[in-house]
Structures are given as structure tokens and as C-alpha cells.
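Asks: Protein chains in written order, with our numbering: chain B, 275 to 565; chain S, 185 to 1146.
Hints listed in this document are in silico derivations from the structure and should not be mistaken for laboratory results.
Check before you lean on any hint, since a few could be wrong.
Stated by the list, open to error - Under 7 angstroms between C-beta atoms, here's a sample of chain B residues computed to sit facing chain S:
(1) 279
(2) 300
(3) 377
(4) 378
(5) 382
(6) 383
(7) 435
(8) 450
(9) 453
(10) 464
(11) 511
(12) 544
Keep in mind the model is a prediction, meaning the values are calculated, not measured.
Ideal Cβ positions, reconstructed from N, Cα and C, are used throughout, including at glycine.
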Amino acid sequence: MNLWQNYVRPASIAEAVEALKSGPGLAVPLAGGTDLLLDLEQGRHSPVQTVVDLSTVPEMRLLERREAYLFIGAALPLNQVVRNPLTAAYARALVEACDLVGGPQVRNVATLGGNVAHALPAADGTIALLALEAEAEIAGPTGVRRQPFGSLFVGPGKSSLKHGEEVLVGFYVRAYEGMPVASCFKRIMRPQGVALPIINLAVWLERDGRSIKDIHVAVGPGSSTPFRARAAEAALCGTPFNSAAMEAGLTALLDEVRFRSSARRASADYRRFLVESLFQDTLTTAWERAK
Amino acid sequence: MKTVTMMINTQLSLTVNGRQYAIPAMPGETLAALLRRRLHLTGTKIACEESECGACTVLVDGEPVLSCMYPAERAEGKDVLTIEGLTAEFGRGLRKNKQAGQNGTKTDEVLHPLQEAFIEHGAVQCGFCIPGQIMTSYALLKRNPNPTQQDIRVALKDTLCRCAGYQTIENAILAAAESIQTGQPVKPPFIPDSIHAANVVGRSVRRPDAVEKVTGTAIYTDDLEFEGMLHAKVRRALVPHAFLKSLDISKAKALPGVVAVLTAKDIPAEHNHGLVVYDWPVMVDIGERVRYVGDALAIVAAETEAIAEQAVSLIEAEFDMQPVISNPVQARLEGVPQIHESGNQLKHIKVRKGDMEQGFAESEVVMEHTFHTPITDHAFLEPECSIAVPKPDGRMEVYVGSQIPYQDRTQVARVLGWPEERVRIVGQLMGGGFGGKEDIAGQIHAAMLANVTGRPVKLLFDRHESLMVHPKRHATQIRVKVGAKKDGRLVAVETELYGDTGAYASLGDKVMTRATTHSAGPYDIPHVRADCYAMYTDNPPAGAFRGFGVTQSAFAVESMMDMLAEKLGVEPVELRRMNALRVGSLTNTGQLLKESVGLTECIDKVEAEMQRLGVEKCGVNAGHIFEPHAVPGKPHLIHAWGFASAYKNTGLGGGAADISGADLELYDNGMLEVRSSAAELGQGLVTVMRMAVAEEMCVPPEQVRVLVMDTDLTPDGGPTTASRQTYVTGNASRYAAKTLRNAITAAMAEKYDVKPEQIRFENGCVHANGHSMDLGEAAREMKAMGQQPRALYEYEAPKTQALGTGGDMHFAFSFAAQAAEVEVNTLTGEVRVLRIVAANDVGTAVNPLGLQGQVEGGVMMGLGNCLTEEFIVENGYVVTDHLARYRIPGIMLTPEITSIIVEHPTSEGPYGAKGVGEVVSIPTTPAITNAIYHAVGVRFDRLPVDQEVIARALWERKQAGS
């Protein structure tokens, strides 16, 4: 019972898309493989005939400035996202999130694309990209398209990617130059056998003196899909940064978020308890960074 | 555009350790499999095969990756470095290592400073994780030649070590980094010698197997290959309680590549195995009862592992499902199904001392509380592996890492219906055991298949199977009722224990007996009563696990001691000191302690160190050590200390004959070889044996080779359990050496016509009447006189008495005290252990370097028991069936561990030594939970500690207050 029969090493995005279509048999994209291979090994993924290794596609491993944006290749290992000066400068929340995924050996192969494609509501990289209002670039038989990051997620564990046809090429994050803009990501774990965070949270904000000019807040797992706390954002947007504002933001967040209880991980109550300090902590850090 | 088929390679080209390979690509192959199976680079270990443990770490283009989940084809065109390549990579004649390998032949090996530092600092124990640790560290030092402690922790975050010498690993890496920077030799650690140090004993000595373990040449069972070897897999029941209605193996048999499929019908002789009670079926037959998910129904041997696996999936079984008994309390209820013919009760264990009625009547305070502990798993990093090899002379060799080789031989022979001598167990290096490799795993199945096919058969468990099948630590429910005077003196302690021994007895009776006899703690109490019900359930069996039941009962009684201290307003350390066992005390089982009771010294020394650290480093007010205090500027982080003490018997006790043999031979070249079938699981027994012989023969330790665990070549050393081997096999080695020395003395006295008193042994030489000769010459002389320079000694430890008969139930006890400093985050409930101060009375520290590893590892195992580990079984089905779900502590959770060695020698022990392996782990859990209570007032009576419980308590308290 081999994990795969055919191993395809495409040299371009077009080849990758073509390989997915032509198989032979069921063909799946392999990014880092840190989740997929485990899922195959432990029988959580139906057997595949062909894996298409995206790490051999040079464009999908780029991290570069593209006009007003950073482009982060979907098949770039997380450690390279973490160590890059561009992400450090423009996507601090993403750096913090990627640095917390798995251990160092896993991060040397695991990718942002894999993290996002699983469409889990509390994937660290996903929550960070959501707060950064990233855009996703997707390649399929009809070519390449860009879409808002949040629109990738249609249900728990379900993305809008067309299975067997499309691949994530990379992500675009706005590179704000010389503006009082910053981001922060934090999470809370438990030491028992639970791989996923109990709760994670990312904040991106723009300052205007002593006020919050604009803000994005993402919370995982705040809903069945990666969750943007729009009401909290609305409550904070344009207000002075103080404890009253923070309180208002938190109230709005607690009102809109739909925490659930997950066995052996955390109860909904516990998440509500945790989000208070996590929200204040993450928001305050982002605020201070945006000076 | 190229056609897609162009992208599929049939050839794979890569560079491994500087050598270029062009080999056919294989479907589904991981890099680890390629390295181990096809390139025979077995230094890269597979421990979990699920990206959890880091054992398989290799460097690909300079970056560490987990080769177990890295497609081999992804390495196309890349440069791979494994542990085998590290020596060569560093090489270039930098430094020579003078350490002799275990077989005594390897010298002058060029080691990388990391390898040297791991040896020098004692970071190598079982060795299974070491290639991964070294490769990960190597990558770190390449990127960051001067790492901080935090850098090391981040890099090794997910590179697990179950012997858990994380602090030592950290120090070794720092020492290696310094050595690389300065070009100077690796600085040794500072570890004081024993206060009873002799020439060799009591001083730090390196392991005999250390060089192999750091270079990747150490061979564990799965690293072995035999000509024509088949691969075996087991069809498990996968249902917890049922009768097997039917079993269809026809599809499996028909699968090409399958060589044999066997069921219970094919068992030649005895159907059951077991360590004490033969109650565990080799395979369950049709019409028979399945008692847990891991029960075997059929076994398969096939040409490849994949075919065997597929064959197993084709075996169809039908069951008549039965209600599941899922805990020991339920198992004892009236009217529930009885799992065994003898009923659900394995044993009712009783301890009686004094008069309970009188005791509680005399008490001024009585408290009662019930505690629960979960099942836990050993999670030794090397999964079980057995290889059975049929020999042309009709014998069967079984290669296996086992804690009890002679028992394996008995059990294999019984099932085959053979005389024992027809079976040879050839013990291999073990990647940890901790009690989990005492029972039969695959030995019998592999032997049956090898016998039928006439070919060697390997049966390797994956982590999933290992977790599901082998015996665990008993889950317990423990009620403690304590009566005391107002000043704190204990008057009466009553305990009632329920132990979940799972589907089969294993060592359940013995383990729960130890839990029971130790359940009132290491205290002198006039009135004691303990009742324990060791019950069968449909959970995986429970058996031996470091601490042997005392881990559980110590959590209960040491929590109770703190609850009592609070109620009485007595200081917790003082409460323990006032009641502590001393020389002259009578234990709960009526044993008068005549010597070697270092408990009060342990308590005093830990208290003093805790006070010192508390005042100097933690900002505690002297005299208020247990008061919580917030971190300056971070009011949500609360620090506090907690305390616990413990004791643990050395040896089997309870009337069992405790015997070990050692065979010592002197060769013509002066080398000595000491042999015993005692097991080396990483704990360092081989070093102790070597040291005892070196001490008696006046030679350097390197002149002594050690051979263990071979039933043809080594005398029976008994089981490696109950912290007994340093004592019994240490003594056997010592007395074998004394015997040999006497024989040489007598021979030389005769030859040189002097009195035996005039023969002197010194610096590896024998001096007789002006003649000086090295030991090799002495050996040759003896042979010329028609004598063999060889001695066999069978050591029997002092007799003990069965429980309930009074007298000495054990020949020695080790004692311990620990203090833990924790940090509790009141905003999240998260707990961090910052410091552990541990004092252990070990009699004599035979090898302080090895002892350090035992202490650190024991503390970390205790910490895991407290904070991270819970083996979850729901209605008989295992939930924690992967390492990802059963988390053992990593380097990130490692506190600063201060080890204090207390040495109250025991007169019969080798050089005064007694057991170490277990007591080091026992007080850690209650010390931590007591500290948590001091920090935030939340008392844990159930393990592991759940941060949500803390958060909830604090939240509710806040609600109530506001």
C-alpha cells in the first residue's frame, strides 16, 4: 500500500495544472506534504495515484516585492517566510504565525499554501493572512486569477479551490511604505496532545496619531470558516486607542464570534475567557508597533 | 509544453554524505526508507513516522527535515547529510577520540565536537534520539555558531528525548559550540564525585556504547537485515470486548507475496503468555473472547512490509460484541460481565498495621479525599521490533530489545512446545523501555512465523500499534483518609485503591502491590490500612512503568499531606520532616529500617536549596517560601513553590528470590569481558558493570567490555525492573571480579611461591614477589597452569518476606524529596515549571554522570505525567493512538533542574548503592500540583493538570468576588 504511485515534478505552474488534470488516476498537489502525507499514511485521505510536487515550481517558491505588494509563493517553506526581511517589514503577523507552526524541521518543508488549502478555521498562517487582507492567486485550466483571501473559504475544511484542477500559486500582501501600519499574531496552546491552537488571533491596524484609523481582526476558530471580526473592527475604527475603545471592541467581538466547544481542546466558555486577554494583548502590541 | 510523463522520473539522483547515487525511484518511498532500507544508513531512526519526534532528522541542502515524511523523490538533485556523514564531514583529522567502543575495537574515531560533547556530558542514554538531536544541533550551529539557551530550545523544540536529558543536551551543545569557536577540546561538565568514591566507582565514567550511539553505527533491532527475511504484521481485533464469531484468512493467503497466515489454530503448544499469570492469548481463536482492541487474531508473513500490511487488511473477522468494562470501579460492580474465568478481580491487596479505630479515635484532625490518575504510556522512542531467525540445527534465534531476555525465552519456547534451550534470545540495544518492554510484544509471533516458513521474520510495530498494544501505567482511583494530631504527627492513614490492569494481568498484581504498600507515603505511621483492588477491564493491559504504582499513590498521599498541612497550619516541609521514615522506623508493612534511610537529609537539602533560590533568585521573603508572588510588571504571572517527598523499594521484594548472574572472562590481551543477561535500556547498567569490574581488577574502565542480553552467552540477570540492576547485577559483576581476582592471586601465589597477601593488583598489573605482569600475561600464565581465567558468580540479594507476613519486605529503599517552582498565568490558566530541585538518596552514586541523566530524565517523565500525558481510552477504543495525540514533554518544557545526591549507603549494595531509576521520577508530579495550589489555590486531584480547570476556577472566583 504505497502512499502514491507516481511522483510528478512539474517545472512550471502550467505543468502543475496539467499534471493535476491528467493524473494518471487521482492526482493531488503536494506542497510541503507535512499534512497530506500524514493523512495518507493514517488513512484520513483517500488513496491517491499521483502526487504533483509543487516545490519544484520556481514561481511558487518566490518571495518578492511586486509593486505595492509582497508576493509570497504558496510552496515556499514557512521558515523562509519567517526569515525573509520583506515579511519582517510588511507582514509581521504572518512571520509570527508561521514561526509557530510545527517544529523547525516541519517548517523547513511545510508551506503557507498547504496551511491555507486545508481551510481550517484556526490555521495560524490563515488567520494572519486574513488579518493582513491578503489576496490569493490561483491557477487553473483557464489561467491565473486573484481573489480576496477570505473568499477562499466556503465551509469547515472546504475551500473554493476546484479539487483536482486548481492550485494556490501564492499570496499578495500590501506593503505599506512609510505608514503607521503594523500587525501582530498571537495564540494560546495547551501542552497535551492537541496539535491545533486553542485560540489564535491576528490584528492589523493603521494609526492616526492617538486613534485607530483602520483595523482588521481575525480570530480562530471563531466560526466554521476563518473569521474576520467585522463588528469589533467597526467598533474600533476611527476611535482613540484607550481602554474604553478596547472594551467596546471586545464586547463587539464577543457578541459576533461563534466559539464552539471542541473535545479535549477547549470549551466555548474557555475560549471566551481567553479571547479577552488575547485580544487586548495582540491589539496593544500591534498598536505599539505602528508608531 | 512538455508532456506530463516527461516529468515523472524513474531514476533518482541524489548525493548522500558526499557520495552520488543514481537509483530507481520507488513509488511511495520516503527519504527515511530510502536511507535505511536501500542505502543501509540505519543511523537515521524512525520512532513515530508522523513528524512528531525528530528522530529521523537529516539535512537536505543544509536544512534539517524529517526524513520519515519527506518523499525520497523530493531529494532529487539535492545534498543529503545523515549522522553517518557527520564524522566524515567534520573529519579532516581535527581531533581523535580515545574512547573504546563497546566491542573494544574502535579507537581513534574522529568525532565532531557535538558528538564528543554529547558523550562527555552524558547526553547519550538509550541513544535512539541522538542522531536526530545531533543533526538538528549541527544545523543550528551552522546557522548560529554561538547559540543561546533559548536558540537551542527553539531549534530542538520538536526533537524528543524520552530519556529526557534535555538540560544535559543543552549543555552539550553549548560546550560543542564553544569548542568549535575556540578550537579547544570540549569542556567537561561539572559533576561532583561520590562522597564514597573509590578508584573507579563513584567517579563519572562514559558509557561503553556512547561512540556508536553518536556516530549512528549503533545497531537496534530494526537496523538488522537477514538474508531472505520476511516481514510480519498482526491482524488486531480492533474491538474491545467480543467473542470472535468467524475469521476468514483466505483472501490474505491468496495475495501474491504472502508466505504464511497463521491463526490460533496454528499455535503449536501453550496458547497463552504472560509474565506472572498466563492469561494473554497468543491469538484469539474462534469462539473465544476478545478482551481489548490489541488482541491478535491472525499473523501474516510476506515478502514485503507493504504486502503484509495489505494482507492484514484482507482478513475478515466477525464478532459477537459484548458490553465494555472501561474502568476498575465498574469492573467490581455486581452483575457486570466477567472478563476472565477467574472473574474481574486480579487481586485484592491488603496492608494492615496497628488499629484503625484506635488510630482515628486518637486523631485530632481527620481528612479524606479521592484522587484519580489516568493511563499513561512509556512512549519509548524505539517501537517494538522482533526478528526470529530459524537456524539449520533446528534452533530459533530471536533478536529483540527486551527487558527480560530469559523470560522471553521461556515464553517463546512454551508456545512453540520446545525445550527452552532450543530458543536463543539475542538482545539488542534498546531505544528506551521504562517498564514497557517487559511483556511479550512480537517475539512469539515472529518465532511462529519463522518456524513455519523456515525464513527469518521481522515484526516491527509502528507507533500506532505500539501505543495500542503494549501494557501501560495503571489508571487509578485512590481514596486517602488521614488522621493526625494538631501538631502534624500522623496517627492513622487509610487508603483504598482501584487499579485498572486492563485486559491482562501482566505485572498488575506486583505493580498495584507496590502502589498499595507505598500509599501512605514515606512516613512513620502507627496505624495503617490499605486495600487495593487490581481489576481487569477491556482497556489495553497495564503493567510495569517507571515508578511501578508508586507514581500514582505518591500523587495522592503527597497532595493529601499538603492539604493536611494547610488545615493544621503546619509548614508543609516541616510536616513531612516530622513524620519522615528514619533509621529505626517501622514501615507500613512492618519492616524495621535498620540503615540507609536518607529521607530527612533529602528533605533538609531540598528545603535549603529551595530557600536559597527562592530568596536569591525568585524574590521570595525568607520564611514565606510557599507564598505566591507576582512577576514584577506582569501581575498575571504568579510564581510559587511546592514540595513532595517519596520512597521506592529497590528490587523485587515480597519474598521473591532476587538473583543475577555475571560471567567474567580475562583474555590473553588483558581485556576483560563481563556478561549478564541484565538488560540495558539506556539507563546505564553497562557502565556500572564495567566500573565494578574495573574497580576490583584495578584496571581502567575501558579495559572492560560488557556483553548483555544473550541467553546463550550471558547468565540470567533476571528482569530489568524495580530499580534492581545496579544492585543485583552490579553486585554479581563485583563478586565475579572478586572471584577472578582471587583465582589469579592464588595462581600467581603458587607460581611465584609467595603468600597470597603478597600479590598486589595495581594499575592494570599484577605484582608478585618482584615480578610485574599485565593482566594478559597473568591470563596466559593461568592457562599454562591449566586454569581458566574466568569466573561465574550468581548473586542473590538478601531474602525478603511476602506482604502480610511481617519482616523485611524489601532489602533496600531509596528516598527522595523534590521542590518545584511554577508559574501560573491567571489570564489563561497556563502552567510552566520553572525549577525543580531534586534530592535522591541513592546509597552511593556509582557513576555520577549516569546518575545525572537518570535524575533529569526522571524529573521530565514526572513532569510529563503531571502536565502533558494522558492515554485516553473511550469505551475500550484508544483515542491517543498516535504520538501527536499523546504528547511527551520536549525541551521547551524543561525547567532548570538542580540535582542533589544524598548518599546513605546500604551495606549489602554494591559499594553501598541502591536503586535510582524510579525514585527520581516519583515526587515530581505532586511537587508541581502542590506548587500550583500555592500559586492560585486550585487543587488538582486528577491528572494531568488541565489549564482550563485553572482558568475556570479563577474566572468563577472573579465572578463571585465582583
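Asks: Now look at each hint and say whether the structure bears it out.
Replies: Here's how the hints hold up against the structure:
no. : hint : result
1   : 279  : holds (5 angstroms)
2   : 300  : violated (14 angstroms)
3   : 377  : holds (3 angstroms)
4   : 378  : holds (6 angstroms)
5   : 382  : holds (5 angstroms)
6   : 383  : holds (5 angstroms)
7   : 435  : violated (20 angstroms)
8   : 450  : violated (29 angstroms)
9   : 453  : violated (31 angstroms)
10  : 464  : holds (6 angstroms)
11  : 511  : violated (26 angstroms)
12  : 544  : holds (5 angstroms)
Violation of the numbered hints given earlier is confined to hints 2, 7, 8, 9 and 11; the remaining hints are satisfied by the structure.
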